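Colleague: Given these sequences and hints, build the entire structure.
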Amino acid sequence: MEREVFRVAVTGLGFITPIGQDVETVWSNLVEGVSGVGPVTRFDCSQHSTKIAAEVKNFAPEDFMDRKTARNIGRYSQFAIAASYLALEDSGLVPAEMDPDAVGVIVSSGAGGIEEIEKNQTILMNRGVRRISPFTVPTMITDMAAGQVAMRFRAGGPNYAIVSACASSGHGIGEAAEIIRRGDAIAMLAGGAEACITPLVMGAFGQIKATSERNDEPERACRPFDTGRDGFVMGEGGVMFVLEEMGHAKRRGARIWAEIAGYGATADMYHFTAPEPEGRGAARAMRRALDKAGIAAEDVGYLNAHGTSTKLGDLAETKAIKSVFGDHAYNLAVSSTKSVHGHLLGAAGAMEAGACVLALDRGQLPPTINLEDQDPLCDLDYVPNRARPTTTRVAISNSFGFGGHNAALVIRKPDLN
Amino acid sequence: MTELKFADLQELAAEILGVDPEQVQMEVSFARDLAADSLDLVELIAAVEDKYGVELPDEELEQMKQIGDLWHFLEAKQASAAEA
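Taken in order, these protein sequences are the chains called A and B. When we follow our numbering, the leftmost residue of the first sequence carries the number 1, and every step to the right adds one. When we follow our numbering, the leftmost residue of the second sequence carries the number 1001, and every step to the right adds one.
Honestly, the hints are just simulated from the structure, not real lab data. Keep in mind that the hints are not guaranteed to be accurate.
[Stated by the list, open to error] Sample of chain B residues at the chain A side, in silico, Cβ under 8 Å:
#	residue
1	1018
2	1039
3	1042
This one's a predicted model, so the numbers in the text were calculated from it and none came from an experiment. All C-beta atoms in this analysis are idealised placements derived from N, C-alpha and C, irrespective of residue type, glycine included.
Modeller: What follows is the structure, given as structure tokens:
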């Protein structure tokens, strides 16, 4: 017997980000191009080559969980719980009132509880084994956020993390959609959480010159596709989606923000950190996502680029877009909202899929800011500096990660009926 | 050894166990009343050892069921420190 293939609606969005902790603030900053980048305040970075980042400010974990939980879990897990709380509130779905198998959780993260690892390594070196926190293991492991979200909201379906560096939550949302499509859950809380604005991680990215050193002009530091780009800007945060089987969402009268229509995942097979120069792996991911959605390339009107503001990455992605879209590449609006919110690493895919959902819903294309002197080799329409209206119904979100992981999501405006 | 005040122990335990200081009383059970699991106790003991400059052997720890047990251990330590 052939099994039914379900469609996947987005019915809830939750943002804990450097540009806001509610949908309207996030959207207004995206569309106005108000940067979330500033000097690093989380630790003393005087020795670091990069001294700027997009931090989450004024985050109050106690608003979303009890004091003890907040104290004993890593910052990335706090972000995941808070963003899940907001996404569930937005969707009106209450997992605790549903069958325990009905709702699953995927929280993706690149580095999980790296902050706790660093702290406890320092304790080990300075004060000895007996002062290592008993919470070190449960806070450092990258799957713990998914476990914590399940405990907090009583969501007992499929539960794990998907890890693919900066593509993690692109894959997380894509795989969560597949879980619903094949009937293993009615709804999934899916997205990413990252908190690695830490001495070790900032230092390590600095050593490979991956991060911008435009320390005197934080808001202008992330400049994808601009000739003056000199690396990405570290961000942090948690962004969670409620994905839901379309029929279930319609029957309960939920607001349907969008549909996750297609998903593609590929590997570059090329290098640790550098993208394959022609963007072939990225192109294959986009083609597969379009093919699975049954959508022609010409019907895509907006592409939210991975666009990290690195020399190699922005160029390879531009080539990948041209190879997939052909002549339509020049009619396609492409923007990198990382220019505004920084690079949320493992949460970047969810942040940017969220930007696509909002762009389709609001009929506005969020800009690439700081695009003042466009790289002649990057010759597409990157929606420079100012938002503009759109009537498009289909967007793509690209996410790529160190290791050569590529994820592409095709997101469609919901049918009117 | 730092001077022993029950209010200090209340404050320390409350912070680590995520409860209010007035909930921390002599007869309350770590597990039953304060919802403290073995991870919480390891953290609390480390904090107590740091604050009072004492060391709690694991076999003592296993005997500690309520706040009063911890308090009496500290009192005994203080008494032996005073004799020394």
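Colleague: Each of the hints needs a verdict: does it hold here or not?
Modeller: Outcome of the hint check:
The restraint placing residue 1018 of chain B at the interface with chain A holds, with a minimum CB-CB distance near 3 Å, inside the 8 Å limit. Nearest Cβ of chain A to the Cβ of residue 1039 of chain B: about 4 Å, under the 8 Å cut. The hint holds. Contact between residue 1042 of chain B and chain A, as hinted, is supported at the beta carbon level, the nearest pair being about 4 Å apart and thus within 8 Å.
In summary, this structure violates none of the numbered hints.
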